[in-house]
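Next come the chains, spelled out residue by residue.
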Amino acid sequence: MATSILDLSAERSAECAADNDDLRLVESLRRGEERAYEELLTRFQQPVYVLALRLLEDPSGASDVVQEVFLKVFRNVASFRGQSTLKTWIYRITVNEAHNARRWFFRHRRREVELDTSPDDTRNWKENIPDEGRSPFEEAFGREQHVMVEAALEKINPIFREAVVLRDISDLSYEEIAEILGVSLGTVKSRILRGREALREELAGSLKSRPALRLVPKTAE
Amino acid sequence: MSCEYVQERISPLLDEQVDPAERETVLAHMKSCRACSAHYESMQSLRSALLGVDAPAMPANLRQKLRVLASHECARRVSRLTMAARMNHLRDRMHLAFDNIMRPFGLPVASGLLSAVLLFALLVPSLSFAHRGGADDPTNLATYPQLTNVGALSDAPEIEDPDSSAPVYETVLELKISPEGRVWNWKVLQGNPNLTPDLQQMILLRKFQPATLFGQPTWGTAVIGYRHEFRYIVQG
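The listed protein sequences correspond, in order, to chains A and B. Position 162, counted from 1, in the first sequence is what my numbering calls 1373; the numbers after and before it change by one each time, with no gaps. Position 47, counted from 1, in the second sequence is what my numbering calls 124; the numbers after and before it change by one each time, with no gaps.
It should be emphasised that the hints constitute simulated quantities derived from the structure, not laboratory data. Please note: incorrect hints may appear among the correct ones.
As the list claims (entries may be wrong) - With the C-beta cut set under 8 Å, the calculated list includes, among others, these residues of chain B facing chain A:
1) L90
2) E99
3) S119
4) R124
5) L127
6) V130
7) Q141
8) A147
9) E150
10) C151
11) R154
12) R259
13) V260
Said to hold, decoys possible - In silico negatives: residues of chain A with every beta carbon more than 10 Å from chain B:
14) R1241
15) Q1256
16) L1282
17) F1285
18) F1291
19) G1293
20) R1313
21) R1318
22) P1369
23) V1375
24) L1392
25) L1404
26) E1408
27) A1415
All C-beta atoms in this analysis are idealised placements derived from N, C-alpha and C, irrespective of residue type, glycine included.
Please take these sequences and the hints and turn them into a complete structure.
Structure (structure tokens):
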């Protein structure tokens, strides 16, 4: 019992420290300190990009969304009151922007033909250096698995995908997800459950003979 | 407890979102039910697969764009803090604009100046010529009036260089010579101001070669000194 109380107090103090850190950063941003802008980008640019990419599954669209998100963050930082954490505030903006981008995409760009070159051409050279720690089989299998997961994510309902991505890829708590999506905790649980079920069905259909994934097909009672 | 109920609890169970009592119940059911156990395992695999999805690195150009965006927004915010900051911002912008306009001219002007100096330094030795110390060279661009007709006088005057001799003249006259070579006026510089009629006649009848400027006859002045023997000294 004593341990749990200690853990709780440690958790709270960590949260307080994070809140203070957020407020300090926001105050520095309001004062126009260059280091604060740098720090904000260092902390959030990569997670925001990953979230936008997973929500849209379109690298160029994700790039546009990330720029929009940071523009909004920089312009509206004065109105940030600290009622939520900086992280949830930025993630909420990202989810909204991704939602707007998806709607815009379906209205305008659905019929456009992609003329971009392969993603390898636009990637950093560091990304193309092979990882010698893994065998080619593991590498190939891991890549194939990732491709399948990404493809399955694309197929499920965007509403459920948002919840699953925020939980399983961005690693946020249920409370944070509820705050970001502006829904109740029960709705978050339901969306995550449905999203995972949908994903499981998608992957079970395509990975029936893959024991490495340890996916066992449903059997009738 | 139905399998449907248990399978709905599997997802929150993975996230530790069920209370301990319910957790025990669900786990106990899964031990006895193969289907629910398989469901749990597949859900667990799915979760680990999702967690293992690579986080793609941001494109380098996006990083660059974000830095530029942050820099612009930072400058914009600073410029709006106070009136002094606004004025500073405006001044900086003008300075930058001026720099941007002038910078393209910097290299051409500097290189032009340098090459002109270099060229001048190379050409100066070939342009230089020998000087005779102190003495002016006659250029014949401008000449003084000179006497041409002195033969009518019985006592022929002799032109002398006033510098080479140190004569004592009785009268020194300054004559104004017209472009036609005639004496136009005179002024007595030294001696008796009232000239004798013979001397006046002699002066008026003298024919001079007029002064020239760039080859054209022009007005000139001659200084004449004479003694009783009519020795003329012409001085420009």
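Structure-based check of all given hints:
Here the hint on L90 (chain B) is broken, as its CB sits about 11 Å from the closest CB of chain A, past 8 Å. The beta carbon of E99 (chain B) is not positioned within 8 Å of any beta carbon in chain A (closest approach about 13 Å), and the interface hint is therefore violated. With a least beta-carbon distance of about 5 Å to chain A, the hint placing S119 (chain B) at the interface is held under the 8 Å criterion. With a least beta-carbon distance of about 6 Å to chain A, the hint placing R124 (chain B) at the interface is held under the 8 Å criterion.
At its closest, the beta carbon of L127 (chain B) sits 4 Å from a beta carbon of chain A; the interface hint therefore holds under the 8 Å criterion. Evaluation of the V130 (chain B) hint against chain A yields a held restraint, the C-beta minimum of about 5 Å falling below 8 Å. With a cut of 8 Å, the hint placing Q141 (chain B) at the interface with chain A is violated, because the nearest CB-to-CB distance is about 11 Å. Given the 8 Å rule on beta carbons, the hint for A147 (chain B) holds: about 4 Å separates it from the nearest Cβ of chain A.
With a cut of 8 Å, the hint placing E150 (chain B) at the interface with chain A holds, because the nearest CB-to-CB distance is about 4 Å. Because the beta carbon of C151 (chain B) sits about 5 Å from the nearest beta carbon in chain A, less than 8 Å, this interface hint is met. The restraint placing R154 (chain B) at the interface with chain A holds, with a minimum CB-CB distance near 4 Å, inside the 8 Å limit. Look at R259 (chain B): its Cβ only gets to about 92 Å from chain A, farther than 8 Å, so that hint breaks.
Nearest Cβ of chain A to the Cβ of V260 (chain B): about 92 Å, over the 8 Å cut. The hint is violated. Here R1241 (chain A) does not stay apart from chain B, with its beta-carbon only about 7 Å from theirs, under the 10 Å limit. Some Cβ of chain B comes within 10 Å of the Cβ of Q1256 (chain A); the nearest lies about 6 Å off, and the non-interface call is violated. At the 10 Å boundary, the C-beta of L1282 (chain A) falls inside the reach of chain B, the nearest C-beta of that chain being 6 Å off.
A cut-off of 10 Å between C-beta atoms contradicts the statement that F1285 (chain A) is not in contact with chain B; the least separation is 4 Å. Non-interface call for F1291 (chain A) relative to chain B: holds, since the shortest CB-CB distance, roughly 14 Å, exceeds 10 Å. Separation of G1293 (chain A) from chain B is adequate, the least Cβ-Cβ distance of about 19 Å exceeding the 10 Å criterion. Distance check for R1313 (chain A) against chain B: the nearest CB is about 19 Å away, which clears 10 Å, and the non-interface claim stands.
Non-interface call for R1318 (chain A) relative to chain B: holds, since the shortest CB-CB distance, roughly 24 Å, exceeds 10 Å. The beta carbon of P1369 (chain A) is kept farther than 10 Å from every beta carbon of chain B, the shortest such distance being approximately 16 Å. For V1375 (chain A), the shortest C-beta to C-beta distance to chain B comes to about 7 Å, within the 10 Å cut-off, and the non-interface label is violated. At roughly 16 Å from the closest C-beta of chain B, the C-beta of L1392 (chain A) stays outside 10 Å, upholding its exclusion from the interface.
Listed as outside the interface, L1404 (chain A) is inconsistent with that label: its C-beta sits roughly 4 Å from the nearest C-beta of chain B, within the 10 Å cut-off. The Cβ of E1408 (chain A) sits about 8 Å from the closest Cβ of chain B, inside the 10 Å cut-off, so the non-interface label is violated. Once the 10 Å rule is applied to beta carbons, A1415 (chain A) is inconsistent with being away from chain B; the minimum gap is 7 Å.
Hints 1, 2, 7, 12, 13, 14, 15, 16, 17, 23, 25, 26, 27, counting from the list given before, are not met by this structure.
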